[in-house]
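Order-wise, the sequence lines are chains W and P. Number 361 in my numbering belongs to position 361 of the first sequence; there are no gaps in the numbering. Number 1022 in my numbering belongs to position 22 of the second sequence; there are no gaps in the numbering.
Calculated directly from the structure, the hints in this document are not laboratory data. None of the values given here were measured: they were computed from a predicted structure. Positions of the beta carbon are idealized from the N, C-alpha and C atoms, including for glycine. There is no bait here: all hints are sound.
Now the stretches of chain P that chain W is said to cover, found in silico as 3 or more residues with beta-carbon under 8 Å: (1) 1001-1007; (2) 1041-1054; (3) 1089-1102; (4) 1131-1138; (5) 1150-1163.
Below are the chains, spelled out letter by letter.
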Amino acid sequence: MSRFDWLSEYLARLEDEHVIVRAGEARSLAPAHRLVLDAEDWGRAGGVAAALGCRWAGVWGDPRGEAVVVRACLEYQGDYLVLETGVPLSHPILASHTPRYPGADRLERHLQDLLGIAFLDHPDSRRWTRHQAWPEGDYPLRPDFPVAGRTPGRAPADTDYPFVRVQGSGVYEIPVGPVHAGIIEPGHFRFQAAGEDVLRLEERLGYVHKGIEKLAVGRDPAALARLAGRVSGDSTVAHAWAACQAMERATECAVPARALHLRALFAERERIANHLGDIGAICNDVGFAFALVQCGRLRERWQRRSRELFGHRLLMDAVVPGGVARDLPREAIAPLRADHADLRREVAPLFEIIDDHPSLDDRLLGTGILAPADARALGCTGYLGRASGLGFDVRRDNPYPPYDRLVPEVPVQGEGDVAARVRVRMAEVRASLALLDRLLEGLPGGDIAAPLPAPAAGATGLGLVEGWRGEILTFVRFGEGGRIERFFPRDPSWFAWPALERLIHGNIVPDFPVCNKSVNGSYSGVDL
Amino acid sequence: MYRILKQAFRTGVVTEAPPRLDDAELEAVGVELRRRIEARFNRSLAIRQVDAGSCNGCELEIHALNNPYHDVERFGVHFVASPRHADALLVTGPVSRHMQTALRRTWRATPAPKLVIAAGTCACDGGEFGVTYASCGAVENVIPVDVKIPGCPPTPLELLRGLLAAIGD
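In isolation and in its complexed conformation, chain P is listed as follows:
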């Protein structure tokens, strides 16, 4: 326990380190995101992430949203385990044909009104994979999409900006 405390003490609060340009922008986007979530979603935006065929690159960056640098929960963004608890679906990948029905069912299980955010170039337009015998391409070919976040994969900051765009004013 002593060693843990020592390490935690020595590490300090990483988000309060002198902000670099990147971090300053992150804070600005985050604070605006929190303001809108407070106004429109009663302080908490619940997101269900669905990988519909990605190469797992997008997942790594979505995970990074939860690391101590970004720590999106402080802005009111939560990733939830069930679509039934979600306000928004964050969908990655070109939708593989084998995931087509699973994605539609997940979408139907999400209570309305719901947002669908396509994250990553593949989700936006099919990316490197496009439309083939095995891939439906963009997410909007399978379910209605509200907002697209391009990038291969989008960085955590780009994902946050996309969330901001998804919520609107």
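Chain W extracted, bound-state conformation:
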């Protein structure tokens, strides 16, 4: 496979812009290519990438002594490129990528709040992750900030956040949250509406900020995998896998083939369980409780099998550094196969009804349209991107074993409405079922875990995994004694939340729940 055919073009364009690039040693962030730049060229390098059509996939800072190393990840045709630069902590100023990449907005503000990096030309310099738990000018991710914090008093409510106001005759505002009316994570939504039509939606998240990035510092690999499995509980397998993959790449650990197959088995089980839950819930939001009950029943059965075979209904802590925690006994293969056949048989008539039912069509078709151009501009992946015409899938486009041999079918739709997202999810359930059977067929023998080699101080690794929501990107850097010094998990929800703000335009307020559910961003996954 010839990869990075486009990189020479990118480098040539950078040269035209007089950007000096030092190619970093190739291996440290493999499979991504690494380019080191001067801080003053940061903004232009992003602009050139945008002009070339690269997708922007995240930015994170890594404090090292008196400086912060900032890295941004880009993706083009399945190849990953990491841009890297350094700024002094005493004067941490960098050009913003947000003017060219709207998806960069909140990640840059997160970096600003946690590390104190000021982004020039950022169109929105308001705080994001920071509410009132620590004062302005204190940056929790800096080495001098104690993990226990400095102000142990009660954190007041975040009352003075400057929401954008829409004014005009008949315009009114609906504040919702942080405590929502259902069994759901906390966050705040501010609607501006005229009559029933939503003019503007603004999200205010950060309520479940638990300091995950800071908590990771000093952990050993096993403890990091446990923490990563709790970045977002519904994506526990995918996040743990991404973190383990990053650590394994950093230490050149050879994970046994059987363990990789079992990880994929867990990941596909997680995908199916979540889609089943969501498909039912989306239908229920428009009053079609039948689907909720049917999908709930199938999901429950699926989870019970997960517990029976792997010890946990959500498969938490099933992925560990170097492999997996539990083997699949030989006698469990036949019942598992029967499960897959059962589910395939059960979803056939159910999905047929959901796909073609007038009362659902009425509410889902044309509702919450995410235009393909918006999806592309924001860098949406997963079912959200795929329902708006973007077919990217890490499993296929930058495959990691065992997906290098078991290429999944990737369903794509173009309409971008709630109905399209439901159709993509239903197709993904079917595709994952097919994949599960092939995983069982080709399940290699051997060990389920290999010891993780002792990490060299300063070793870095990048984990790239297709979670059920889309691409998960995880950066890990080891310090002395095999301890973690930097962990940054980037959930696909960073780009799903801004997409929700756009796709709600022109819809009516009562359709917000179904639009929100069809996107289903993780709060915990972005609040960190």
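Using the hints provided, position chain P relative to the given structure of chain W.
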């Protein structure tokens, strides 16, 4: 409509399938729960769930309480939208410092006498997150807690047993 009826007919009543060990215990816990709710709460226990900082794993399992296998409404347990309608708060997560005030306000908005149930390991003792600049740890560090349900996350059956313990005899 015909297809829906056909599917519903073919599915049958899932709770009446031959009970496995798990289900038998579920029924026993549920029936006892219903008995106590009838005696002490005039047949209906209203719960307001509050996520005060969880990873959303606990929420998935609390949702599962409402699926047709568990269907807790048959035992008299209802999840309500407002704390003002609630007899009990079911709180998950280590309480993030950003949710500290919101949780206290929700607790104050719940009419007394009220029960507070901490669901999940994080809510019980801070779990994987503990007490940091961003997290207050256990729910009892922020509001008084009556009953704790450990588990990461607790299974629906464990949640039901916890509810039973919360109500008392």
